[in-house]
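Participant: Residues per chain are reported as follows:
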Amino acid sequence: MTTWDRTASNPGGDRSASGRVRLRTEPVLPVLRPETNGTQVDANRVAVFDIRDMAVFYGSNCALAHTSLKIYRNLVTAVIGPSGCGKSTFIRSLNRMNDAIPSFRLEGQVLYHGHDLYGSGANRVEVRRRIGMVFQKPNPFPKSIYDNVAWAARNLGMKHGLHDRVEQALRQAALWDEVKDRLKQSALGLSGGQQQRLCIARAIAIEPDVLLLDEPASALDPVSTAAIEELILKLKNRFTIAIVTHNMQQAARVADRTAFFSLDTTGPERFGTLVEYGDTETIFRGATDSRTRDYVAGRFG
Amino acid sequence: MVGPGDEDFRTLRAVSSGTMSRSQGPRSPTRGRVRPKPASRTGDRVMFVLCAVACLIVVLTLADVVYQLADNARPAISKFGLGFLVHSTWRPGFKQFGAGALIYGTLVSSFFALALATPLGVAIGLYLSMMAPPRVRATVGPLVEMLAAVPSIIYGFWGIVVLVPFVLSIEPALHGALGFIPLFGHPATIGISVFSAGLVLTVMILPIISALSRDLFLTVPGELKDGAAALGATQWEIIRGIVLPSTASGVGAAVVLGLGRALGEAIAVSFVIGDVNATHVSLFAPGATAAERIANQFQGAINELQIASMFYVGLILVVIGMITSVAARAIARRFDVNRALGATV
Amino acid sequence: MSTGTPLVLGETGLFDPSAPLTPSGNLRRRTWVNTFVRITATAAALFAVAILVIVIFGVVQRGISSLSLAFVTQTPQGLAGGGIFNYIVGTVEVIALGAIIALPLGILTGLYLTEFAGPRSRLAGVIKLALDMMQGLPTIVVGLFIYGLIVIPQHKQSGLAASFALAIVMLPLMARSSQEVLLLVPNSLREAADALGVNRWRTVISVIVPSALGGIATGAILAIARAAGETAPVLICNSIYDPNHTSLNIFHGVPTIPMLIYTSVDLPLPDAVARAWTAALVLVVVILCANIGARVMLARSRAKMGL
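Chains as they are written, first to last, in the working numbering: chain A, 3 to 303; chain B, 136 to 480; chain C, 361 to 667.
So here's chain A without its partners, still in its complex pose:
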């Protein structure tokens, strides 16, 4: 497995030009990559998110509780676990997308670069500008491909170099070659995988700090999935990425750190909770908690 040339002067890498997608053939368990030295998180790593004892309630129902972890800059952090254990709730709380739900209530603290995300001084729109999200089902706007990518940038006043910006975003999303001749056509005419890459392109066009991906490939075919995974690995140089996935192998392939969520059924109520969090290598090869070991071994979920 080769490393790509991810330098500042060649942001697209050499893969996107040819448009070829390589299916992975390496084993499920990840091979240590040269970039991550050992299994310890570098002490100099910035914690982008510091989540302290977070709990989420919808009305009186507890959806998530006892969740504490840190998400680090320029790493891919995967959130895995069986369905219904609060993974989506968790990640949507990181950019305040759950605010739209009237009964939503959050306890604990979510610190973003030290600032309380839900504090009184935090502007929701600003939060979402800095922390972008790509959703499970591709949701391109009923506009042209160009306008989909350019729309948010225009809102933000980025009129200078807009065309460059759109092209860069589409290149980084590995979509440029496929759409460069039909930028004015409707985005709805693209295939599912292309639409999802378009959604990624429009998210990165405004250069957020963090990219949250909520099961971005679960609605896609394997070839598109592999393309998205390649993308994620390329993008992590620029952005901090957190990805929810129900596919363990995907987490093993792309993530540096992995958080395993599961259902807590010990008490009278069922709620999701963080079971274990660490380097992907550790989670998949030598997890401490038995639930984690069972899940990654495929014994449930």
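Hints were generated in silico from the structure; no laboratory data involved. Treat the hints with care, as some may be off.
The calculated DSBU-like cross-link candidates involving lysine-lysine, where the alpha carbons are at most 35 Å apart (straight line), are [stated by the list, open to error]:
{"#": "1", "chain 1": "A", "residue 1": "Lys161", "chain 2": "A", "residue 2": "Lys139"}
{"#": "2", "chain 1": "B", "residue 1": "Lys360", "chain 2": "A", "residue 2": "Lys145"}
{"#": "3", "chain 1": "B", "residue 1": "Lys360", "chain 2": "C", "residue 2": "Lys664"}
{"#": "4", "chain 1": "A", "residue 1": "Lys139", "chain 2": "B", "residue 2": "Lys230"}
{"#": "5", "chain 1": "A", "residue 1": "Lys139", "chain 2": "C", "residue 2": "Lys516"}
{"#": "6", "chain 1": "B", "residue 1": "Lys360", "chain 2": "A", "residue 2": "Lys236"}
{"#": "7", "chain 1": "A", "residue 1": "Lys72", "chain 2": "A", "residue 2": "Lys182"}
{"#": "8", "chain 1": "A", "residue 1": "Lys161", "chain 2": "B", "residue 2": "Lys360"}
{"#": "9", "chain 1": "B", "residue 1": "Lys360", "chain 2": "A", "residue 2": "Lys186"}
{"#": "10", "chain 1": "B", "residue 1": "Lys214", "chain 2": "B", "residue 2": "Lys230"}
{"#": "11", "chain 1": "A", "residue 1": "Lys182", "chain 2": "B", "residue 2": "Lys360"}
{"#": "12", "chain 1": "A", "residue 1": "Lys145", "chain 2": "A", "residue 2": "Lys186"}
Following the hints, complete the assembly by docking chains B and C onto the known chain A.
Facilitator: Chains B and C alone, transformed into the frame defined by chain A:
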């Protein structure tokens, strides 16, 4: 957020507005295709015949409307021809009739009402669908729809007693501020005017536009709005960039329906417009519309030609009414982006 | 358009991520625009509610003083005294007959559109178009139509003619609401009945219509409330009547409340105008109550259907 109450509104809308093509198709794919043939069972056959006869009556009645009007208007049509549409003289005593002033008044008052009611209605629709908290939406929504339930005679009665004096009091100020536009020219100082008629019509078509807009805005898929929000857009930007463009055709249809309502309104307008057969530029002058001329003069008609002329005016109204109905359907259907997105409109 | 240095996404540093989460860049201005829009939209909604309140209040204020039980149970005395009992009776007669004509026709039409016609059937499209157009007819034109159809051959105006005119006003509303409610009846009911070998007409009468009955009744109330206030058809077809006596003969002109209001406005007698206001109050209260009642019924039938 779409909630259980919105279906109520949709069904109630079914009663108070047009475009049956908006009704959902039956949900089962087998509908209408694998049924046992009605002919094999007598009871079924009877029911089928009854239903079919009902539908036939509907279609025939509509056709008969056009026929009756054309038939009774024949004396006027043969005497005045198409010039009737252009000439403004309306002198029953001299047997001279022309609908020019009526058509002018109808168009001016209706489009004036449309110009006021469309932005108001769309704003209210946006408020009810996207900005109001659920409790407020549940009260304000029905209240706005109640505006449509008030009979037109009440609006007319209230109009002449309350609105006209009010207009009278603000005419000088409006004329002072906007008098450079001929529309707001010299006030006629009796308050009874095209302006007052336009205001009454605005109140009457506002609920149509706002209720239909609200419905339309609620059909925009949540994923699109979520996707836009996740890009750091303010609510107005989401409205301007996503909601309004994708519902533009439906809103257009709603506006056309409102226009149709305004064009045909007779009673409320008859109280406040003065039935004066003139075509002033100023909105503050009195005027006349086609529908209210019929309401005003039909019972007091002094000769057959006058009655025939009013049937002729009625025929014009029917044609206008049918055109707006068809136009509303065509607009909603042809540019229906929502259908492409799988939403039901 | 490229500027001097090439744009590299992710490295232009558009904002400082560790800065507090207060608006950066142009967000302050955009937030202001957003707030302005919200205020405008809220004001528009408040304005509409205010108009409703002003109109209703205007009617109540001018009509409440004469409102009494005597008012609705007595017939008029002279030009301005007494009550409006005969007008109420006349209105009810005309509307009732109109409803008797329109309701069954509307329900049958709705039945046809749901039970017999496929969703893409051209015939159904024609019928729906006809219903839309009928609903879009100005009511004054409906009055003229019935005048030509019934009044002229009969050589007199009558409550009967007004009933037919109101039936035309009610019919499309009835058909539309029936169709929408019938569509909501789950298809599984129809299929189950078919599988049991039950005749379709029996299924309709004993299963489908009863389960849609709440919605149909609601639609009927709303259609009737709409027709109750229609003045234009009555003005054309039923404006010659005896204003002082109750009339049960619908083949002649009968007094109706809309006509009372219409003819009273120009009268120089303030008492007559006051009586018209009170009649208007009665009309508005009944119609608004019918609308509110229909909503409540609709909510309850929704709950019953488990929606």
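Participant: Next, verify each hint and record whether it holds.
Facilitator: Right, here's what the structure says about each hint:
1. Restraint check for A/Lys161 and A/Lys139: the C-alpha separation of about 29 Å stays at or below 35 Å, so the hint holds.
2. With a C-alpha separation of about 14 Å, the suggested pair B/Lys360 and A/Lys145 falls inside the 35 Å cut-off, and the hint holds.
3. Of the supplied pair hints, the one linking B/Lys360 and C/Lys664 holds, its CA atoms being roughly 32 Å apart against a limit of 35 Å.
4. Taking the CA atoms of A/Lys139 and B/Lys230, the gap is about 71 Å. The hint is violated against a cut of 35 Å.
5. With a CA separation close to 68 Å, the supplied pair A/Lys139 and C/Lys516 exceeds the 35 Å bound.
6. At roughly 28 Å between alpha-carbon atoms, B/Lys360 and A/Lys236 fall within 35 Å of each other, so this suggested pair holds.
7. Annotation: proposed proximity of A/Lys72 to A/Lys182 is violated, straight-line Cα distance about 39 Å (limit 35 Å).
8. Proposed proximity of A/Lys161 and B/Lys360 is supported: the alpha carbons are some 23 Å apart, at most 35 Å.
9. For the suggested pair B/Lys360 and A/Lys186, the alpha carbons sit about 22 Å apart, so the restraint of at most 35 Å is met.
10. Between B/Lys214 and B/Lys230, the direct Cα distance comes to roughly 10 Å. Compliance with the 35 Å bound is thereby established for this hinted pair.
11. Between A/Lys182 and B/Lys360 the CA atoms are separated by roughly 26 Å; this keeps the pair inside 35 Å, and the hint holds.
12. A threshold of 35 Å between alpha carbons decides the hint, and for A/Lys145 with A/Lys186 the separation of about 9 Å falls inside it, so the pair holds.
Consistency note: the structure conflicts with the earlier hints numbered 4, 5, 7.
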